[in-house]
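Colleague: Heads up: the sequence lines are chains A and B, in that order.
Using our numbering, you'd call the opening residue of the first sequence number 1 and step up by one each time.
Using our numbering, you'd call the opening residue of the second sequence number 1001 and step up by one each time.
Just so you know, the hints here were simulated from the structure itself, not pulled from any lab data.
One thing to keep in mind: the hints can contain errors.
[What the hints assert, rightly or not] These stretches of chain A come out as covered by chain B in the derived footprint (C-beta under 8 Å, 3 or more residues): (1) 55-67; (2) 90-102; (3) 131-144; (4) 151-165.
The C-beta atom is built at its ideal place from N, Cα and C for all residues, glycine as well.
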Amino acid sequence: MSTENNVRIKAENVHFYYGDKMAIKDMSMNFYDEKVTAFIGPSGCGKSTFIRMLNKMNDLVPHTRAEGSIHFDGENILEKGVDVVKIRRKVGMVFQKPNPFPKTIFQNISYGLEVNGEKNKKVIAQAVEESLVRAALWNEVKDRLHDNALRLSGGQQQRLCIARCLAVAPDVILFDEPCASLDPISTNKIEELILDLKKNYTIVIVTHNMQQAARVSDYTAFMYLGELIEFNSTDKMFTVPREKKTEEYLSGKFG
Amino acid sequence: MYNLKERLIKILFTVLAFASLFFLLGIVFVLFKESLPIVFELNIFKFLTGTHWYPTHEPAEFGILPLMMASLWVTVGAMFVCIPLGIGTALYVNELASLRQKQFLKPVIEILSGIPSIVYGFFGMLIMAPLIQQIFNIPTGLNALTASIVLGIMAIPTVASISEDALSFVPKSFKEASYALGANRWQTLIKVIIPAAASGISTSIILGMSRVVGETMTVLMVSGGAAVMPRSFFDPVRPMTSTIAAEMGEAAVGSIHYHSLFAIGLILFLVTLVFNAFAEMISRKYRIKLGLDR
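Extracted from the complex, chain B is given alone in its bound form:
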């Protein structure tokens, strides 16, 4: 009796543990299956490099380059916000903050990461967009710049908390060794601590990028939504995620439009997969380099 119970419990947990793998495989399968038809119905090269996204026109055009460029621009723009602020925050918390400041700042950063993305969207639409519109005196504040700033702020917690972890993993003995040789605080930070944490910091940046690329609700609300090639950061844009979110409801099931949206989803999935794999690889290497994983 006892043995049976043990075994049942073991089976139950095994099933639970493999459930996420099952879901992952299921999602990948559906993505591939639903994207596949465009290979037959469209020219793949034109699909990837076409500059016109007119899915409902007659005749319809399916070129996703403007969408990919929009995602790229917004991501790059967001990096300009979240890298300096995120890493700066991590350095401050780890190196300069007093214990009390640390105890205050760390939870604040965590809370920032817990805010639902729709709230960021709201903030972007109602506060950031009018502000940007006024400052630069442009027709609309809903554009790539606003999206970059709001997404950059969203990604700060990811970059800051992972960078901070990386910095705090740097053994105290490195710091002591550096000080004992007559190095000052600044030299120790630049020449010993940051290089030792470099891989962890790069991981944080990649994961931050991954977060920005995949973010949907916020960009849908603040990016402006124009599916044309962006020429400046003041142009309204339509990144890949918001395209799917905005159009999936209208696309007829089984139409080319429908399959194209799945293909965009597949590309997004592959991009974030590569980012995450890269981050994992770097952080593993980093543990070995510091002798934490031998």
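Next comes chain A alone, as it looks inside the complex:
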């Protein structure tokens, strides 16, 4: 692991509260360009909450509060008054359950471009094709771009969601347990895709599956009860964990 990685996102002393309940406690860590950072930890430990801070999705939840700083693209995105729309366009997200819109395959992808002001039909059509190619879905859907996206299989839907996210040209892509509802073959395809995408993007993935973290990630963060217990290169984390808690979790003593 080279040490000259470019830091894309820098989180420092981040706290997060749902009402009075602290969900994230004092987290500090970096996310690097062209690397995959995986989050592991038992359910409810704050993994999803934390990555949803990176694209401001928690703003949609009432009565929440964040402290600390997350530096991205020259600004602290936790500050009030940041341009949420701009951040969300630069930090794309793929959700746990495939959530294509009940529109056509084409419209699912063109949507992101249209809401961001793209009007040129040629540009849109080209971006749709490029994103589908990048998401390894083009060959399966090129003859039925105007079919309803909900007719695709679960795995195809998830790749469509990835394509939709790529179309708006983000710098960072957040994957929130992207394979949780998929079969092993679809899971495998998504993992291959993630490894391919990391050449161009900063990737963050939350997963329940430790093998998945080991397969796809360069760095792994282990969280427990809202705290970052250990953050290290995936190789080191899985072979010589520093913390006893990490070792216990990796060996299946709790979880």
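Fit chain B to the given chain A structure using the hints.
Modeller: Same frame as chain A, but now just chain B:
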């Protein structure tokens, strides 16, 4: 012993469950049977398209077009009131209202739907009609416009609550997906949420129309009651429902007048049946479209 009891209970509930079907069939049967004689005694074409409704004149004329037009005008007018207000209410409650406002507004809308129609009629007669009369400086406030407004208000709860249900059925994941792509609240509402709820919203409009078409007491009180072809919204009108309500008591049993009123009832029944079937069809399609019914 135990088995017998079980079986009796089962039979009892089966009978109860089929009772409403039995009543429906009975009503349909009576409607058809009592309407049928006009086929022999009147020219059906003239009955449907005649512009003169003089059931007690000598010779009597039975043309129900003015009554149907009155129903149509009042219904269309009411739609102008209940669609914007009903859907606007639904959007506000679902998208913009805080939790506390929501907890307050939803029951208020429900209460609005629980008000007896005679109270709406009262309100229309004593408050709305004089107001309309003054504003537009017309001879009477009991006219198609007043009826439209009062009926429109009556239909708001139907439109609002069904639309609100449709909006709340739109999976949260669509909203999240939209926001995550950099869409703002307005774009998400217009391009994702409303289209996803469109069939449910159309259902609410059709059911609202169905409610307005079938409403009797209120229109009887505020529409003015003149059985002539309406020429403007300021004309007093006599929709189909109020015609039946006002004249059934006077019509001699078995007379052509009597059978004509039944025929009007049959038409109303068929219209609302079509509306409801349409609404059901759309809402079923909508569930499939959103993948809720697979």
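Colleague: How does the coverage statement for the region 151-165 of chain A fare against chain B, requiring three or more residues with Cβ below 8 Å from a Cβ of that chain?
Modeller: holds (count 3)
Colleague: So is the region 131-144 of chain A in contact with chain B by the C-beta rule, three or more residues under 8 Å, or is the coverage claim wrong?
Modeller: violated (count 0)
Colleague: With a C-beta cutoff of 8 Å, work out whether three or more residues of the region 55-67 of chain A approach chain B closely enough for the coverage to hold.
Modeller: Contact hint for the region 55-67 of chain A vs chain B: holds, 4 residues under 8 Å.
Colleague: For the region 90-102 of chain A, count the residues whose Cβ lies under 8 Å from any Cβ of chain B; is that count three or more?
Modeller: holds (count 8)
Hint check: a violation occurs at hint 3 only; the rest are consistent with the structure.
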